[in-house]
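Peer 1: Those protein sequences? They're chains A and B, same order as listed. If you count the first sequence from 1, position 341 lands on 341 in the working numbering, and the numbers rise without skipping. If you count the second sequence from 1, position 737 lands on 737 in the working numbering, and the numbers rise without skipping.
Hints listed in this document are in silico derivations from the structure and should not be mistaken for laboratory results. Every residue gets a Cβ at the ideal spot worked out from N, C-alpha and C, and that includes glycine. Treat the hints with caution; some may be incorrect.
Covered stretches of chain B, going by a simulated chain A footprint (3 or more residues, C-beta under 8 Å) [unchecked claim]: (1) 79 to 92; (2) 150 to 157.
Non-contacting residues of chain A with respect to chain B, defined by C-beta distances greater than 10 Å in every case (computed) [claimed, not checked]: (3) I220; (4) D227; (5) E267.
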Amino acid sequence: MKRLFAELRRTSRMLHYDFCPSANSRVYWLKHPLVVLTVIALVALAVGVLVNPYAYILFAVAAVVIGSGIVWPLIVVRGLGAEVEMLSAHCRVGEMAVIRLRLQNRWLFPVFGLSLQRGFLTTGVAHDGVALASLPPCGTVECEWLFYPARRGVYPSEPPVLETAFPFGIFTRGTPARLRGQLIVWPETVPLTSVPDACEIDSREERVPGRRVGEAGDMIGTRDFRDGDSLRRVHWAQTARMGRLIVSERQAFTSCALSVVLDVRAESYRGLHAESFETAISIAASLVESLHRQHAHVELTAGDQHVLIGESAHELRNGLDCLARLPAGGVVGVRGGELSSPRLRRATFAVTSRQAYDRHLAQGHHASEQQFIVICSEEHRHEVSTCGCLPRFEVTCERPLADQLPALWTRACHA
Amino acid sequence: MRDAATPAAAIVQRVISRSADRPAATTVPLRLQAAMVLAAALAVTTFSIVAVNGRIGAGESWLLLWPLCAIGAGVLLVRGTGLASLAADWLSPLLLLSGGGVIVAEVVGWFAWGTAQPLEITTLAIMRNVVVGLAIVPSYRPAHPICLSLSAFLALSGATGTDDVAAHVCAILFGIVAVVWLLTWHWHGVQQRVGRSQSRRLPRFVLVVPAILGIAAIVSLSQSHHQMLRQLAGFLRSSGGTGLEDQAARSGVGSGEMLVAGTNQIQTFAPIDDAPLAEDHEPSLYDIQDDTSGEPVPPKTDRAISLPQELRTKIDKHLHTVTEKANKTFSVHRRPAQEQAVTPVSSIRSKALLYVAGRVPLHLRLEVYSLFDGETWYPDDDPRRNATLDMQTLVGRPWLTLQDRAEVRDYLGALENHAIKVVRLDTNIIPAPLYLTGIHIDLVDRLDMFFAAPGDRVGMNRDQLPSLVPIHLISRVPDARRLSGEPTLFAKPPQVIPETAIPNDLSVDALDKLIAGWTIGCRSNWEKIDAVINGFRREFRPVAGANAMSETEGGLAINELLQSARGTLSGPATPRDATDFQIATAAAMAVRHMGHATRLVSGLYAHPARYDVSSQHTPVMMQDLHYWVEVNAGAGDWITVEPAAGYHVLKPRLTWAEHCWQACCEALAWVLAHGWESLAVLGCGTVVWSLRLRIVDVCDQFAWRIAGAFQRGPLALWTVGLLLRRASRAGSARPPGMTVSRWLSSLNEVLPPGDRSALDQLRAAYEHSAFSAARGGGPLLHQRELISLVNQLSLAQLKTRRPVIIESTQPL
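Using the sequences provided together with the hints, build the complete structure.
Peer 2: The following block contains the structure:
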């Protein structure tokens, strides 16, 4: 039986083989139900005229369906109004975001089968988006839509439209919705626990965070004396004023300071897995977020954008916003972002693709000391470059990022 | 922080699975599955009915049932074994096998047994098998659209390939189910995105759409004999039934009257002329041999016309069935010759004497009587009155022509075309209307086949007219409206002729009384004749079926009839029953008593009530034997008059102007007949007219409210436009040269001081909207205040308190 089904599957695959995929876009309109119905109506009309008048009945049925299917949406949308308000400004991929919809029906009759389309379609699935079964006559409905974005980005990606194809779904007509605010969906991140070893840390004086308490930098506050505190830190003036020992607090050094460079050039990811650029963004976001959590000072470079991320959550938000706003597939014709930039130092992690990495090696990589996280396919993994160099580690798109990045990162930090 | 991290492709899956309150995307609801299976079953049944082609037998029953059994068994098997989840793997090979199997079977049948199906049937059989294959996996979503599309074409074939009502009903039911499927399919897509807090049920009222469609379709089917529906049929050249005749027409299409050979072994066909040719016991007009050659024709032998060579060669292929009734049956399903012998086609019989194509009512004259002795009418047998016949070829067709009196008679209307097809009529006189000008029988181009009979009649030199042969007639219809304007018409003949003779025992006093009573106020002879005829129509009612001529009681009955008539213009409440023979005889005697020549005519009356719109023919039955009267108009011209109520004389075709005039007259008559209703309509119209300005103003304000609600354009402009129009209706339009702002200021005079701020705001907003380049901004207008302002500046207010217009000599 298994063999039979295997043969059937093979035959089915052969029957469904697409011999001319380039022609699909040109003939796809033939599959539209309106076209099919029109063909049926025309054939029925021709048959009625030329052969048998009973076919007029079928023609009439098809004509009524086509007519009502086109006219009704045309009429209905003229009385509709919609407003989309983003109650959440940020969220992550897969997390819930609340969107408030205000839908208005100015007609004296109820309206059925409404859909908010465009701007929120992320998966390409036909039933993506949100729909309302009905709108009462002469009324406004306010509802909250729990939106689960499947991709990072800025939503809505295009002006949303309130559409209806009721009753037959053969013709869709919509009215643009007014927009209030936008939703930035940050890229998916993977929690990382390690920090690069001390040799990788660049802890210079200027790398002091603003809030964390330490032994360096400026004085940021005072507190009561605790056992173990150095007497050199006693704030004598405050001690005299308060009548008890008061010590001063100073800033602390960052645990590490490093740069994360994301290769945003679209040509770097051309020919690779469709999600390779998104994987690179996820790696960069994971690095930025994890290092920030571990009080590292991170400089994020994505194309011509440079974001300094220190202790502040606001700075982290800016960094993630920067990554979320990157166009899907990469930036075409970007200036900057080259991996051999003089800005790159040794404590730099560059996230790029295998082919960009190879190209970088061919352009004289000895001048730079950055470490590379390379996105590659499964078959090209651990492929030695022409000069024999290996990247810091490689990530494939075929496997979930959570299964590979934590271990690879930990190993890279302590290697 | 998040507990897991995956690339986007995996995230999508996770997000979908997280939406626990949403149904799975691939789940097809049961009602959608049921609609698909039902639609497919109806479609394949429709095709099966076409394929069976009206034959009932074990094989045909199996042909009807196996697709349904296959669908049912397939659905159960697939659901029971869980194969539906693997449909993507095995469905395409199955469809290939089922569709290709038809081609293989066809090829094998052709080479092994010599049997073959027509190409269209083979194509539809492939389609049928694919539909069956798709219908067994209703839970497989991608199968739905293609299954319904192919089913639609199968159902269409049912409406095309047969006249079987069952197929049409199935096709209509398929249409309804397909509409339901379309609705459900779309709503299912909407349901995927509808939250649980909302009702996901398909609005009930939408089901009204397929219901209405179904009712309309059933009504259409029941009314499918409607003339409009039929007249649209047949842009193809046909055998003449549609008026577009062609020698190269497809056999049987159009049910025409041409000599179209039933070639290609068709089973049934239209009433073609040579159907009863070879083996029918009835004498045929056509023969393979020409009777003009060879031995002289015996006197008692019917004359025959030889067929053209191309038709002779096809005779052997004909099925010798008789189609007496106009019929549209034409099979697209063809069987080999061996099978045809097994399934003979029954003849189509009719009880009609003849069929008439053309405008009705029509009086078809068969016998003309001139002399009445009080008991018996004697036919006109004066050979001097016979018409002159001639044979001419017009547009390639032989026509027997008679003198056309329209050249000298103005009251004769345009030419009228009729065609008759005699089924059974034991006479050799061609039933034809008065003023016959031409007769055409296909291929009959010999003058000696016809003869002229007294009373402007034409007969054929045969014992009886050929059956089922279309005979085309061209005649003219007298226009009765022109008769009264001709003073020279209906002159009284100077000497006594048979057509003016009145029996001695006829009650002359009664005739005088009747004529005097009925002809009050009539001036011309025709008006008097018409009044007398109308008097008979009012006084007497013909008894259905009692139209036989009575030779013994005719005189007595007519005297009684004349004495029983009241002779008034109003007529009795209940007309008295009489036979149409008696009525016609009495009318003829009355007109003769007025001094005009009349004759009694017996013949057939093509009744409009019998008109069959499906065949566009009017059957003439035995009950349509009828008597009527012809009145001499002078110089040998006769006018048909109809004294029997319920019978009508064919009138000339109306021109458009006459149609309009007639419509006006009928409308006026309706108004007079429905006094109260007319008064009510008049009253309503008066009220509407008097309130027209107010009605228009209310509509205008309603449009303004709608525009405001829809926010189409600046509200200030709409409002000012409304006020300007309202002022114009109130008779205080804005003077030319005055700016709108100034005019608005003048309206302050009609407003209370407390309400003037709204008008000032409106003026400011108007100026901003009209003249400011910047979009948006400007004074804020509140719709409530605007509505209040517009209500205060109502039409009545502007009428009663016209605003003071500030006239200015300075340029504004």
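Peer 1: Of all the hints given earlier, name the ones this structure violates by number, lowest first.
Peer 2: Nothing - there is no hint that the structure violates, so all of them hold.
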